[in-house]
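Take a look at the letters that make up each chain.
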Amino acid sequence: MPIFRFIFFSSKHRFTHASNLLQRFGPSKRTQSCGYAKSAKDSYTKPTAHPIMNTETQTSRSWSAYVVVCCLGFLRLLVDMYLSIFILRMNFVLGGRNMWPNSYLISSLFLQPAALLVFGGFAAFVHYNDERRAIRIGQDNSCGSDTVAGPIIGGPFTLVNTEYQIVNEQGFLGNWVLLYFGYTSSPDVGPDQVQIMANAIDTLELEENFKVLPVFVTIDPQRDTLAHLRAYLKEFDPRIVGLTGPVSAVRQMAQEYRIYFKKVEEEGDDYLVESSHNIYLIDPKMKVVRCFGVEYDAEELSKEILKELKKRQNKAD
Amino acid sequence: MALETYASGKGDEIHTDVLLKARQACYKARDAFYSCLEKQSDKKPTEIASVGLLYPAECKSSRDEYVKNCRASWVKHFDRQYCRTKRTHRLLDDRETRRGV
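Quick mapping for you: the protein sequence lines, in order, are chains B and E.
Take the first sequence: its position 203, counted from the start at 1, is 203 in this note's numbering, and no numbers get skipped.
Take the second sequence: its position 34, counted from the start at 1, is 34 in this note's numbering, and no numbers get skipped.
In short, the hints are calculated from the structure, not lab data.
Predicted model, so just to flag it, every value in this text is computed and none were measured.
Where is the CB? At the ideal position from N, CA and C, for every residue including glycine.
Please note that a few of the clues may not be correct.
Stated by the list, open to error - For the chain B half of the interface with chain E, some residues (derived, Cβ under 10 Å), not all of them:
id, residue
1, A115
2, F236
3, G268
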């Protein structure tokens with residue numbers, strides 16, 4: 001009886017010994033996992049020399065650890081199977097008196113090693129997955145946070161400007177553009193945002209000599225006629241380009257730029273338009289770079305625009 | 001095409017009541033009315049303004065001035081905003097007098 005206990009415990013001990021081996025090979029404390037798609041192909045396609053631990057030998061060592069664990073597991077299963085067969089035969093030979101009940105034999109000699117093997121296999125798989133996803137420290141610096149792109153906002157549009165000319169997005173290529181979707185009958189937020197835009201444009205032009213074109217697209221084309229739009233925008237800044245058009249064209253453009261707008265408080269002819277008050281910063285290639293909400297005032301806006309410009313210039317150099 | 005008819009300049013009226021001067025007059029009247037409300041806050045509000053706002057009869061003249069200078073939808077918008085800020089201030093300042101929460 002004690003012999004079997006001894007064998008049992010020794011086999012368990014062998015498994016923990018194997019897992020210790022595994023932990024020494026696995027440098028889980030020295031990695032950082034960063035993003036999903038990039039790291040998987042990066043950590044195995046470019047194994048560079050690492051100051052603390054060589055990546056190549058690292059991965060090959062961890063492979064050998066898995067192999068060792070699997071071999072030990074199978075070995076243990078084999079041993080236990082033979083043991084169980086031997087014990088069952090002994091049980092049978094020694095006659096009617098059962099040394100141990102069969103259920104105990106079955107559970108201790110079949111299920112337990114099988115369960116341990118399954119668990120060991122699962123742990124090995126999890127560890128392998130971690131290794132595959134992890135990036136060694138000092139290897140991949142771009143964590144994906146500044147290269148990640150949001151949803152692609154923007155698209156082609158065709159509207160009429162306040163000079164009665166038809167413009168589409170090609171006319172704005174080569175300029176930095178600040179785009180705002182609003183309407184002239186806005187009680188407070190609309191005028192505030194347009195004023196902020198005008199102030200920021202002024203600051204940028206006077207201090208940094210950097211021209212940004214402000215564009216105001218009306219989401220209330222039924223009431224904002226072209227002359228009215230021109231008169232309204234002239235009070236803020238003569239450079240602001242006003243755009244309007246038929247309802248379908250405006251709706252199409254608003255959908256492309258992910259702007260929500262809806263008529264509320266309708267009382268006959270008088271209504272307000274609820275909308276998402278965002279100012280978009282668009283680069284010369286007509287790609288939306290940033291989105292500014294109502295919490296930005298004129299100085300912060302100009303600072304942020306300058307930051308974007310500097311980033312673009314640094315990338316180009 | 002619809003765009004060409006738009007570009008030809010049909011129906012070009014200018015609504016002057018949202019331009020700068022009108023806006024500023026509206027804001028001034030609105031502020032006058034609300035300050036009247038603050039000053040007379042101990043009087044009982046009897047008159048109905050709009051969207052659930054009540055005001056005492058002393059402020060009736062400033063109310064009329066306010067309504068004259070602003071569009072109806074703007075009046076409702078500002079009244080609603082005023083009620084909301086009033087309510088949050090009441091919730092924030094009332095901690096000592098109310099028991100429980």
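**Q.** Hint check: 10 Å Cβ-Cβ cutoff, A115 of chain B to chain E
**A.** violated, 53 Å
- Message: Interface hint check: F236 of chain B, Cβ to nearest Cβ on chain E, cutoff 10 Å. Holds or violated?
- Response: Constraint on F236 of chain B satisfied, holds at 8 Å.
Report task. Using 10 Å as the Cβ threshold, decide whether G268 of chain B counts as touching chain E. Result -> holds, 9 Å
Hint 1 alone, counting from the list given before, is not met by this structure.
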